[in-house]
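Trainee: Here are the chains, one letter per residue:
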Amino acid sequence: MNTQETGNPFNADVTESLATSTDTFTSPSTVDIQELERQVEYVVDDCFFTVGQVVGMRTTVDYDAVIWWRDHYREKFLAAMMAFGNRWMQDRANVTSVAFMLAERAVRYSEGKSSIDIESARKAAADVERHCELHARRAARRQGRDTSDAAVPRIAGYWCTYP
Amino acid sequence: MTPAQEVDYILNDCFFAVGQAVGTQKSLDFDVIPWWRARYRAFFLHAMSANGNSWLRDRHRVTAVGRFLGQRALHHAGESPSIDLRTAGLASNDVETGCRMSAEREGVSASQA
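Residue numbers (this note's numbering), protein chains in the order written: chain A, 38 to 200; chain B, 45 to 157.
Simulated from the structure, these hints should not be mistaken for lab results. The reader is advised that the hints may include incorrect statements.
The calculated DSSO-like cross-link candidates involving lysine-lysine, where the alpha carbons are at most 30 Å apart (straight line), are [said to hold, decoys possible]:
#1 B:70 x A:150
#2 B:70 x A:160
#3 A:150 x A:113
#4 A:160 x A:150
#5 A:113 x A:160
#6 B:70 x A:113
So, partial list: chain A residues that the calculated Cβ filter (under 10 Å) puts toward chain B [what the hints assert, rightly or not]:
#7 85
#8 87
#9 104
Footprint (simulated), chain A over chain B, 3 or more residues, beta carbon under 8 Å [claimed, not checked]:
#10 51-60
#11 65-73
A quick note: this is a predicted structure, and the numbers were derived from the prediction, not measured. Cβ coordinates follow ideal geometry from the N, Cα and C atoms, glycine included.
Using the sequences and the hints, build the whole thing.
Mentor: Have a look at this one:
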């Protein structure tokens, strides 16, 4: 997470509007939706970067697996952001740790293949979402249903299992 | 799919490739993502409009350049635990200089590189 003010010529403040949401986020307007559609791209990019980090040079990914992952998660992330606002800066560490799991599962399912294909990508996503649902249920029970504190990072489940 | 739609898939593919080269030893500052996205989205759209969408043909070569970008970012990050905007800018400069030189050697115009 960036905490430094670099003051360099690349430091356009493009992320300022990202940490603006709360639990009281209401139905987004058309302008809000356009803004969330722009911001969800950064979230998806961030997750692809993380999955790449974990896969490393062990294997590569087929383009149709990229397409499937993008379509699948962009829809879920956008739905979550429409419902709760953009909480990415608060939730980033939790969600990217789930992306670690997605990558490991995908590598495992692609064993014996030349790359991560769409079938491996789908199976890995199903595993991760099962894990997220279970974790979300357990966490909600522990917290007595849910937290009302918007500053507390949410569990990754609502990003990848919503709606 | 229009170039404007396809380019988002291509960018995801490239972010994956950059991450592969960076590995888990360093993190990426979030503000690098919008910067890299805006920069390469514009480059890729320009290339796609000039040459047509040849991603499946060029994917192997371009993702290799993405991995090179990750390597250069790692290099410039030095001992820092994360890749920040300054580091990302230096890495992009290295990669784009290399691409321009390579294009000149191959007799390809800048718009096609």
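Trainee: Are any of the numbered hints broken by this structure? If so, which, sorted upward?
Mentor: none
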